[in-house]
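Asks: Please build the complete structure, drawing on both the sequences and the hints.
In order, the protein sequence lines correspond to chains A and B. Heads up: the first sequence begins at 15 in this note's numbering, then just goes up one per residue. Heads up: the second sequence begins at 15 in this note's numbering, then just goes up one per residue.
For the record, the hints were derived by calculation from the structure and aren't laboratory data. Misleading hints may appear alongside valid ones.
Identical chains blur together in the list; that is why a pair holds if it fits in one copy or across any two.
30 Å max Cα-Cα, derived DSS-like pairs, lysine-lysine [stated by the list, open to error]:
no. : residue 1 : residue 2
1   : LYS55     : LYS87
2   : LYS87     : LYS61
3   : LYS114    : LYS55
4   : LYS114    : LYS87
5   : LYS43     : LYS114
6   : LYS61     : LYS114
7   : LYS43     : LYS55
Number of protein chains: 2
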Amino acid sequence: MTECASCPPTNPQITANPEAEQDLASLCKALAHPSRVRILKILLERKSCICGEIVEVMPLSQSTVSEHLRILKQAGLVQGEVDGPRVCYCVHPIVLEQFKALVEAL
Amino acid sequence: MTECASCPPTNPQITANPEAEQDLASLCKALAHPSRVRILKILLERKSCICGEIVEVMPLSQSTVSEHLRILKQAGLVQGEVDGPRVCYCVHPIVLEQFKALVEAL
DNA sequence: CTAGTATATCGTCAATCAACGATAAGCGAT
DNA sequence: ATCGCTTATCGTTGATTGACGATATACTAG
Numbered sequence: 015m016t017e018c019a020s021c022p023p024t025n026p027q028i029t030a031n032p033e034a035e036q037d038l039a040s041l042c043k044a045l046a047h048p049s050r051v052r053i054l055k056i057l058l059e060r061k062s063c064i065c066g067e068i069v070e071v072m073p074l075s076q077s078t079v080s081e082h083l084r085i086l087k088q089a090g091l092v093q094g095e096v097d098g099p100r101v102c103y104c105v106h107p108i109v110l111e112q113f114k115a116l117v118e119a120l
Numbered sequence: 015m016t017e018c019a020s021c022p023p024t025n026p027q028i029t030a031n032p033e034a035e036q037d038l039a040s041l042c043k044a045l046a047h048p049s050r051v052r053i054l055k056i057l058l059e060r061k062s063c064i065c066g067e068i069v070e071v072m073p074l075s076q077s078t079v080s081e082h083l084r085i086l087k088q089a090g091l092v093q094g095e096v097d098g099p100r101v102c103y104c105v106h107p108i109v110l111e112q113f114k115a116l117v118e119a120l
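Replies: In structure tokens, the structure reads:
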């Protein structure tokens, strides 16, 4: 039972939920790049669900932005809806809440 | 102003705090691997601040666990204190709270 | 000082990531 | 059907990651 002075008291519950841990890791991985955090913020702040607009705002090429969107979409954090010739992206509220809950549970 | 039906209404505030976004991305990156989430959970759940004990519990080599700990420490989520021949790791409560706050603010 | 234990670092290798330009695919309008 | 616009995908490249064994470092005990 090693213990040190500077460590805070911790709850002794024995959780170990491998699935939740994997989910948290996956969601974190999706947000492990500043550009993707930025994109998520943009989607949250704008009333519209833009897509090409993101490319205009970001200092990245269209293909790179598209790739970041793919990663966010694959993680479930974002969903894209085809709207004529363009695609309308928006945050998936439920998955974002799940992410918040997983982090809060730490 | 593209907008689509399935998207939730979002707050129109213009935040754009690049520093906070970078911080969030860095913290997420540190937790972007299941093993590191696992290690963090272990540190939170155990009353002790173990280190070699982590190696025993994880299906990874000592050097790999050490590397994961280094990444967590570099992100500030964890701190290690030398305790004789061994090192006592524990979660840095303030940084963890900052992480929670950044996620909650999404 | 030496031996033993615990942890960190090094070197390597395969795999994954991030970025880009080029190109394909989807759709509306002509 | 074709043109023009928007977005996705492909192929490439250099950088980073994750894993390991081997080794170096740090500390205690004897």
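Asks: Now tell me if each hint is right for this structure.
Replies: Going down the list of hints, with the structure as the test:
In the homo-oligomer, the alpha carbons of LYS55 and LYS87 lie at most 30 Å apart both inside one protomer (14 Å) and across protomers (27 Å), since each shortest distance falls under that limit. In the homo-oligomer, the alpha carbons of LYS87 and LYS61 lie at most 30 Å apart inside one protomer (19 Å), although the nearest pairing across protomers, at 38 Å, exceeds that limit. Taking CA atoms no more than 30 Å apart as the test, LYS114 paired with LYS55 passes in both settings, with 15 Å inside one copy and 16 Å between copies. Within a single copy, LYS114 and LYS87 get their C-alpha atoms as close as 17 Å, and across copies as close as 22 Å, so both meet the 30 Å cut-off.
Within a single copy, LYS43 and LYS114 get their C-alpha atoms as close as 14 Å, and across copies as close as 16 Å, so both meet the 30 Å cut-off. With identical chains, the CA atoms of LYS61 and LYS114 are at most 30 Å apart both within one copy (21 Å) and between copies (25 Å). For the identical chains of this complex, LYS43 and LYS55 are neighbours both inside a copy (16 Å) and across copies (17 Å), given an alpha-carbon limit of 30 Å.
The structure fails none of the hints (numbered hints given earlier).
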